[in-house]
Each structure stands twice: as C-alpha cells, then as structure tokens.
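Protein chains in written order, with the numbering used here: chain A, 1 to 195; chain B, 1 to 265.
Simulated from the structure, these hints should not be mistaken for laboratory data. Do not rely on the hints blindly, as some may be mistaken.
[Stated by the list, open to error] In silico lysine-lysine, DSS-like type, Cα no more than 30 Å apart, as pairs:
#1 B/Lys7 / B/Lys25
#2 B/Lys7 / A/Lys130
#3 B/Lys207 / B/Lys195
#4 A/Lys122 / B/Lys207
#5 A/Lys122 / B/Lys228
#6 A/Lys130 / B/Lys25
[What the hints assert, rightly or not] Now the stretches of chain A that chain B is said to cover, found in silico as 3 or more residues with beta-carbon under 8 Å:
#7 40–53
#8 58–65
#9 70–83
#10 169–178
Yeah, the Cβ is synthetic: ideal placement off N, Cα and C, and Gly gets one too.
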Amino acid sequence: MASTDEELVSRSMGGDLDSFNQLVLRWERPIYALAYRVIGREEDARDVCQETFLRAFRALGGFKGQAKFSSWLYRITLNLCRDWIRRERRQPLAQTPEGVDLVELAGEAEDTESIEELVARKEIGAAVAKAMALLPEEQRTAIVLKEYHGLTFQEIADMLDCPLSTVKTRLYQGLTVLRRQLERSNVTRLKDHHV
Amino acid sequence: MCNQASKDLLVSYLYDDLNDMDRAKVDMHLRACDECRTELNALRGVRVDLASWAPPLPDLGFRIVRDAKRLADQDARPAPRPSWRSWLTPAAGLAAAATLVLAAALSLAHIEIHNGPDGFTVRTGVSKSAAAAFDARDGARAVLARDVILPSDEGIDLAGIVRRIDALESAVHDTPQLRNAVAMNARASDEELIKRVRELVARSEMKQQGELVLRIAQVVNAFDAQRKDDLAHIQANLTNLQGTVTQEVVAHRELVNYMTAGKQK
Numbered sequence: 001m002a003s004t005d006e007e008l009v010s011r012s013m014g015g016d017l018d019s020f021n022q023l024v025l026r027w028e029r030p031i032y033a034l035a036y037r038v039i040g041r042e043e044d045a046r047d048v049c050q051e052t053f054l055r056a057f058r059a060l061g062g063f064k065g066q067a068k069f070s071s072w073l074y075r076i077t078l079n080l081c082r083d084w085i086r087r088e089r090r091q092p093l094a095q096t097p098e099g100v101d102l103v104e105l106a107g108e109a110e111d112t113e114s115i116e117e118l119v120a121r122k123e124i125g126a127a128v129a130k131a132m133a134l135l136p137e138e139q140r141t142a143i144v145l146k147e148y149h150g151l152t153f154q155e156i157a158d159m160l161d162c163p164l165s166t167v168k169t170r171l172y173q174g175l176t177v178l179r180r181q182l183e184r185s186n187v188t189r190l191k192d193h194h195v
Numbered sequence: 001m002c003n004q005a006s007k008d009l010l011v012s013y014l015y016d017d018l019n020d021m022d023r024a025k026v027d028m029h030l031r032a033c034d035e036c037r038t039e040l041n042a043l044r045g046v047r048v049d050l051a052s053w054a055p056p057l058p059d060l061g062f063r064i065v066r067d068a069k070r071l072a073d074q075d076a077r078p079a080p081r082p083s084w085r086s087w088l089t090p091a092a093g094l095a096a097a098a099t100l101v102l103a104a105a106l107s108l109a110h111i112e113i114h115n116g117p118d119g120f121t122v123r124t125g126v127s128k129s130a131a132a133a134f135d136a137r138d139g140a141r142a143v144l145a146r147d148v149i150l151p152s153d154e155g156i157d158l159a160g161i162v163r164r165i166d167a168l169e170s171a172v173h174d175t176p177q178l179r180n181a182v183a184m185n186a187r188a189s190d191e192e193l194i195k196r197v198r199e200l201v202a203r204s205e206m207k208q209q210g211e212l213v214l215r216i217a218q219v220v221n222a223f224d225a226q227r228k229d230d231l232a233h234i235q236a237n238l239t240n241l242q243g244t245v246t247q248e249v250v251a252h253r254e255l256v257n258y259m260t261a262g263k264q265k
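Generate the whole structure from the sequences, applying the supplied hints.
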C-alpha cells in the first residue's frame, strides 16, 4: 500500500531523501500543470516546478502540517509564478499545447471519439489557452485552482489570502470574460450542457 | 445577471457548493428567471470548454540529490568491504574528469550531455533558470532523474584535473586489466548511446506522426467544408436552372396554345 503524503513528509523530515523523491514523483505533474496554466510557457513552467520542489525540500523543517502538503506545494508554486510574472512584466503567452502528442492523445481518446472530434478538442483547448492568457492573474489562478485542481472555495481563499466572497467574484468575472472570448473565437463546442 | 440572485450564489450553484436550502432557493429562482438560467447554461458551457485545455506532457522526472561535495566526502570514507569493482576506481575517476572537461566545453554551445548511471542524456538550449536551481546552503539540488551528479563548480582546479588525467592515462596504458575495463565501459557507453539515439529518433517519429495526423485531419476538415460549399452552390444553380426551364416551358406552352387557337380560327 502506498504511503500517504503525511507519512512521506514525516520520513523526509527525518532525512529520508527517497521519501521526498516519492513526493516529487507524486506531485510533479500537478505542480507542472499548475505552473503551466498560470504562466503559459512550457520551459518556464518546468523551471518553476523544479524550483518548487527545491524550495519545499529546503523549507521542509518549517512545514508544520497545518495545511495539506499539496496545498503547501501549490502555495510555493503560486508564489514562484507571481515572482515570474512580476519579473517578466508580461502577460502569459497564449501557448498552444505543442507538446501534446496527438498519437498519445488518440490513445487517451474515447472509443467513440473521431479524429475530427479530437482535432476540435485541440482547437478548443488552444482557444481556451488564448482566452485564459487575457485574464488578470488573480482570476486565472482562481479558475485554474478550482477547475483543474478541484480545490474548495475555502482552500483557494486560504491559499490566496483573500475572503471567500472574493474567490467567488474572481471566478464569476473570469468565467464571464472567458465566455465572451470563446464566443468570439467561434470554436465549436463538443457537447452542450443544459439545466 | 438579475438582481435577485447574487453572482456568488450562482457560482456556488455552478460548482455544486450549496446547502440544500440555498440550492432549493436558486432552483426556484432559475425556474422563474430566464436571464439567470441562460447565464448558468453559458457558464456551464465554458466549464466544458475548459476541460479541453490540457497541458503538454513533458519529460519531468525531477529528484532531489545531495550536493556532490557531500557525495565526494562520503566516497572518500573507507569502504567497509572492498569489492571487485574497487580496482576500477581510477578508470571511473578518469571518466568523471573527462566528462567534466567535455561538459564545460559543450556548455559554451548550450549543449548538455549527461552520462549517468540511469542513462544517457543529450539536452540543448538549457535555460539559465534551470541551471540556477542549485542550493548551495543545504547541499541539495533538483535535477532531472537521468542527470549525473557532477562535482560542484566551486574551486575547480583545471591544472590538477589535467595532471590527474595524464597520470590516469599512463596508468591505463600500463595496466592491461584497466585497459580492458575501459574498453568494456566504452562499449557499454556506445550501446547506451545508440539505444538513447534510437529512442530519440523513435520519439521524433512519433511526434511527426502526430503532426501528420493533425494536418490530415485539418485537410479533411477543409475538404469537407469546401465540399459542403460546392454542394450548396450546385444546389442553388440547379434551383435557378429549374426555375428558368419551368418559365421556358410555360412560355412554350402559351405559344403553342396561341398558335393552335390561331389555326382553329
């Protein structure tokens, strides 16, 4: 049975490097995905991811376990992303996911999904990336944490040091802007949802 | 959005984060308010679109390793039990020193070649920030899993390394066992290199294949769109032609009727 994050953190604090590297292995993809969606650049997201684990390792002694280990990592990542945005003084690039291998993607596709649907999904993904790049950092971060990492409103509020209502407002405003942008980009939606 | 339902409430409803009483209130409001219902549907649609945005799948494999200085210190301690590999140490030192010199030269061209115990890595265009991810204070750094741990950059004595290489080279020449060992290592390295190159070529081919699939799909889409346009155009022309023919038939019939009537008179 796989060890929990807490067990691995505890062993890491005792000097077990392998345990920490298990945590790295477990969390590197979510952390990379978070950094990529916030800053929008593959290579920089990789650097942020690498730096996140290094900082976490360094500061492990200060981790008191009050928050989840993943929340703590997310916070470090977001701080690094914020530093990157300030340092670069620019909006994230609307980088289409070039690294997505269509052959691999086809493997992940559902049996009923045709190549046209696959391409449509890719096109929508590119349109979403462009629209997300236009959002202010706070709105983008709130949407990424809620949509792609499944955090609760309260967890996001704690992570971003803001009231709960602010998180909801940022989400609402961000989604509304995205809605307009996506309508303008005129991409064909695969499936529609109704009440 | 109408004034009766706040956007906070709508967002909570959208993410199904309401208690039963509030949810019932929103449900009741949505039944009566077209505006809010439309907005909720639109926001749900945005959420569906958001699911299509996938990040790339890079080859990460980070791991934290101890500083090489510490490793070197550990290596310097006497081994508890000498193994059959201990006599290969000079050859390993030679290989490490040669790797260091080679890496220094290649770094000028922004190329990194790593030959570590876990594999062989060739990287180009290494970013500065990635290289900067080194923490001297705690003696740890985040590296790619396949990267070899090279000695620390601090206090490199190049002259000393060159002297050591010379000494080790002469040792290799003098010792047939070492010569054999180095030759075996070189063969093993070649095999690893070939294996890695093959992997790189295979990966590149996969990527090209993916691009080809994308291009073909785009061409098929464009072809379909063009075909639909052409069909619509043909249909419109046929309709026009049919109208013209009908008019001509009517005119012809009227003419025949007229001539028949004239003949009867």
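Hint check:
1. B/Lys7 / B/Lys25: Holds, at about 14 Å.
2. B/Lys7 / A/Lys130: 25 Å, holds
3. B/Lys207 / B/Lys195: OK: B/Lys207 and B/Lys195 at ~18 Å, within 30 Å.
4. A/Lys122 / B/Lys207: Holds, at about 15 Å.
5. A/Lys122 / B/Lys228: 23 Å, holds
6. A/Lys130 / B/Lys25: 36 Å, violated
7. 40–53: Contact hint for the segment 40–53 of chain A vs chain B: holds, 10 residues under 8 Å.
8. 58–65: violated (count 1)
9. 70–83: Violated: only 0 residues of the segment 70–83 of chain A have a Cβ under 8 Å from chain B.
10. 169–178: Contact hint for the segment 169–178 of chain A vs chain B: holds, 6 residues under 8 Å.
In the structure shown, a violation is registered for the earlier hints numbered 6, 8 and 9, in ascending order.
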